[in-house]
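Going down the list, the protein sequences come from chains G and B. Under our numbering, the residue at position 7 of the first sequence is numbered 7, and the numbers go up by one with no gaps. Under our numbering, the residue at position 309 of the second sequence is numbered 1309, and the numbers go up by one with no gaps.
In short, the hints are calculated from the structure, not lab data. Using N, Cα and C, we set each Cβ at its ideal position, and we do this for glycine too. Watch out, some of these pointers could steer you wrong.
As the list claims (entries may be wrong) - List of simulated lysine-lysine pairs, DSBU-like, C-alpha gap at most 35 Å:
1) G/Lys231 - B/Lys1367
2) B/Lys1461 - G/Lys231
3) B/Lys1471 - G/Lys199
4) G/Lys334 - B/Lys1464
5) G/Lys258 - B/Lys1367
6) B/Lys1367 - G/Lys193
7) G/Lys231 - B/Lys1196
8) B/Lys1229 - G/Lys288
9) G/Lys288 - B/Lys1367
Stated by the list, open to error - To give an idea of the interface, some chain G residues facing chain B are shown, with a C-beta separation under 8 Å as derived from the structure:
10) Asn60
11) Tyr61
12) Ser122
13) Val124
14) His141
15) Gln166
16) Val191
17) Glu194
18) Leu197
19) Lys199
20) Ile203
21) Ser210
22) Glu214
23) Lys221
24) Trp341
25) Asn342
What the hints assert, rightly or not - Footprint (simulated), chain B over chain G, 3 or more residues, beta carbon under 8 Å:
26) 29 to 38
27) 169 to 177
28) 359 to 373
29) 376 to 389
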Amino acid sequence: MKRTIAVLTLICLASTAMAADRYRHDSTPVAKAKAIIFIYLDGGSSQTDTFDPKPEAGRNYCGKYTTPISTNTPGLKVGPRLKRLAKISENFSVIRTMTNNGINAHETAHYITLSGDMSASSIVYPSFCSMISYLKEEDCHTQLFPYITLTAASTRFNEAGFLPSQYKPYDTGGDPADRVFNVDGIFSEHVSKENLLEKQAMIECVNTLSHEIEPTEESEKLHAYQDRAFKLITGDAKDVFNLRAEPDSLRQRYGMTKFGQSCLMARRLVEEGVMAVCVRFTGWDTHKEHFSRMDERLDDLDLGVSALILDLKKRGLLDSTIIVCGGEFGRTPKISFEPPWNGGRGHYGETYSYMVAGGGFKGGVIVGKTDATGEHVVSRPVYPCDLIATMYTLLGIDPNGKILHPTAGYIPLLPSYGKENTSAGMLTELIK
Amino acid sequence: MRLRLLISAVLSTVTLSLTAGNIDSAVNAGLQRAGITPSERCSDEVFCRRTFLLTTTQLPTVAQAESFINSKDSDKRVRLVDSLLNTSGWIDLMVVKFGDMLRIKSEFPSCIWPNGVQAYNRWLTVQFRDGKPYDRIVREMLCSTGSNFRDPACNFFRINVTRSPKTFCDDIALIFAGQRTHPEPWERFFTQVTFKTSREWKEEFVCLDLTKPTPGAVRIDGQTTIHPKSGEDYRVKFAEWFTSPSHRQFARAFVNRVWSWIMGRGIVMPVDDFSSQNLPSNRELLEYLTDSFISGGYDIKSLFREILTSDTYQRTCRSNASNRSDLSLFSHYIPHRMMAEEISDAICDITGNYDIFASRAPEPYTKYPKGTRSVQIGDGTVTTSELELFGRPSRDVSTESSRSNEYNYKQAIYLINSEHILSKLKRNRSLTPVMYDNMRSREDIVDFLYMTFLTRHASDKEKKALAEATKNEHVTAMCENISVALLNSDEFLFIH
């Protein structure tokens, strides 16, 4: 036991010492945000049906969503399905001119959105959430993990990039809208504490190799992490996944769907000290049956995100928690009525919208302007690396810093940031 | 004539006596210089388990282990090595290791695409099955042209997002010479490589633009100047030099890699970072292996065989007073965690419950036949959360370190308490006959579980303790609980 503590201390010390080498920077911005919740609309959500409606462009563009809703934010109308968000618009801002220079392939757009890297070099960058959990590891004091995905990360790109694989997100699996949110290995109804303690005793009984050989760093880790794992699964920290501890009325407000309950779960994880949470909302790749699928998804989105903003605000956590919501690209503003699409929308990276709130972001602001049909940026383009640079700054990370790559030495944290055609500068207009 | 035969016979004996045990003499000389005594020879049980895993990625079955352990054949270790190197498991292992280096995956950042991935893996399988020498395999890749689907070796040139002579040479240096940089003149031989698509979906051709000016006479190392003629494939002369015995670094880098796959640690570490600042822990050993590999005609299997039959490989991981702190001179075997695929497949093999692998992106979707082992997936894009968790590389970079065999917190939680694992152990098909065999006592069952998971018999003390601890449980619960414990033990997770 004593040895285990010593090893854990050693691991902690080593990681602290490492942190200084991990990243070089000239300035440290004052951190306003402590955590980030990324609501990832995987597949690419339509900007003209959500935060950049274009009713004047006619039915070939807006389809059945002809009457957007006005909000308290001057100049901001949102799609007709976002009723609840429309009412609380002073709490969030909208970026209407996100662009990846028109990249319309899922895998590449996905990588660019998550990493901000458009340099097409041979270095594969980590996702911003993995990067945050790596750079701010010292500030993270949870018994869980610094970065968690609800409920499963995409397999299209390895989010750890060049970082060690432990910086990949932890996927909870399961469905938070089920009667019990089963988080494999951590939270389940079926396992009793007594049972676990018996198991621990038996593992100790058969762990004999390390008694016979000179302990190595790896074998010491085995014992240290097994102890830590038993502490988690026999202790209270795992109860963060018990959504039944929340009042029913609040759960209803988030919507009793996988997405809604994932948003509620995200709030609970942030309260528990988790640094980055990705709520991965899939099914936005609406080439066909676009509007019927949007009806369903937008209702879930509206409920979940509005409830999350208000709940965090009520608990005084909104100012320290970034909420960012968008996909890997947008969708073609012009509807494809021809077969086989029959009224669907294709991939569109030229321009699309993002929503941001909390964590030091201003509310009630619109960034950028698109043309009459929503097909082109008119003013103030925002590249993925610009948004990421702004979020890094809010989290106290210098976006111009350099990070130690395992083989290439110190390389820019955001290689495309500040470069012509892949960056148009920090979103200073959105920082409080 | 007879004289000539005699001479050659004498010569071959001389060579044999010089080479036999040379790994060990090189290692022992290094140990002597450091004043270290090597550890003893490992037990048959340990040898059996270690060798099965390192040559086939699989644990021995109870029957395989018992037959080896009980054999009285004095040559049985060599025989086991020879038979294991001729299994399909060895080919699977090689395809995985090469797939990691060559970054074989369907989609992003190297977009080989599913059909290309399958063709590439099949091509590699054939190379290893036919025992093609390593230098020839590499020459075929370096001089490849054609379709990603029909001429799989050409995928070597397709794995970079940015394709240029520089990125090709970065890969050649890292993968085949274990170096992080390359001399600029190398690039001059790759200026002709160009790409075009066909009308078949996702097909791409690697072609040569023969109008590119010749690189002229290029001095490639101290002795060699290469001068390709205009109109020919400039890569050919480069590849001939690169894979020739005069370019020793080519052989040296590979023997160091194979050594690290077997011993858990390279003679140069990291294994793919040779430089004047990063010296081998035993130069004599590295140069001996390089000589032996070259004179053996770059035969990969012979290289494996030579290492696996050395005394150095057969040492126990128990240290003695003099070698306790040695981690780099190979005085004792250093335990290292099994690879992700080995852990995953071992659980499937032991319980008889196999996972289903499939890919939903990119198109065309890939479905693997039932019973596929994770080691046979062959595509960095196709994965499971279990494989990710245990550090299977996503094949974004070619460095050996991108495969992580480190144990971590998430793995501990998963192995202790995952429903996925527990349900497999609960439905343990291969244990059923054992559990319901009335002839067996509880202690015998404990012993059988030890053989299954740890490839050794349980000691009397262990048998008694575990039978006692589970005496109130039904035999199925008993098996399940002991299985979970053994699965989490250091002795199971580490190759030792």
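Between G/Lys334 and B/Lys1464, is the straight-line Cα distance small enough, at 35 Å or below? Violated. G/Lys334 to B/Lys1464 sits at ~75 Å, over the 35 Å cutoff.
Chain B contact restraint for G/Asn60 - C-beta distance below 8 Å: Where the cut-off is 8 Å and the nearest Cβ of chain B is about 29 Å from G/Asn60, the hint is violated.
Do the alpha carbons of B/Lys1461 and G/Lys231 lie within 35 Å of each other, as the hint requires? Judged against 35 Å, a Cα distance of about 29 Å means the pair holds.
Review point. Has the stretch 359 to 373 of chain G got at least three residues whose CB is nearer than 8 Å to a CB belonging to chain B?
Key: violated (count 0)
| Residue count check for the stretch 169 to 177 of chain G against chain B: does it reach three with CB-CB under 8 Å? | Our answer is that it holds, as 3 residues pass the Cβ test (under 8 Å) against chain B, meeting three.
So if I understand the rule, the pair passes when the alpha-carbon distance is 35 Å or less; does G/Lys258 with B/Lys1367 pass? Distance ~27 Å between G/Lys258 and B/Lys1367 Cα, so the pair holds.
Per the CB criterion, is G/Val124 less than 8 Å away from chain B?
Status holds, d = 4 Å.
Exercise for the section: So, G/Leu197 near chain B? Judge it on the closest CB pair being under 8 Å. Expected result: violated (12 Å)
* Does G/Lys193 lie within 35 Å of B/Lys1367 when you go C-alpha to C-alpha? -> With Cα atoms ~40 Å apart, B/Lys1367 and G/Lys193 exceed 35 Å; violated.
Review point. Does G/Glu194 pass the interface hint, meaning its C-beta sits closer than 8 Å to a C-beta of chain B?
Key: At about 13 Å, which exceeds the 8 Å cut-off, the nearest Cβ of chain B leaves the hint on G/Glu194 violated.
Interface hint for G/Lys199, Cβ within 8 Å of any Cβ on chain B: holds (6 Å)
Under the criterion that the straight-line Cα-Cα distance not exceed 35 Å, is the pair B/Lys1229, G/Lys288 satisfied?
Not OK: B/Lys1229 and G/Lys288 at ~56 Å, beyond 35 Å, violated.
Taken one by one, the earlier hints fail for this structure at numbers 1, 4, 6, 7, 8, 10, 11, 14, 17, 18, 24, 25, 26, 28 and 29, listed in ascending order.
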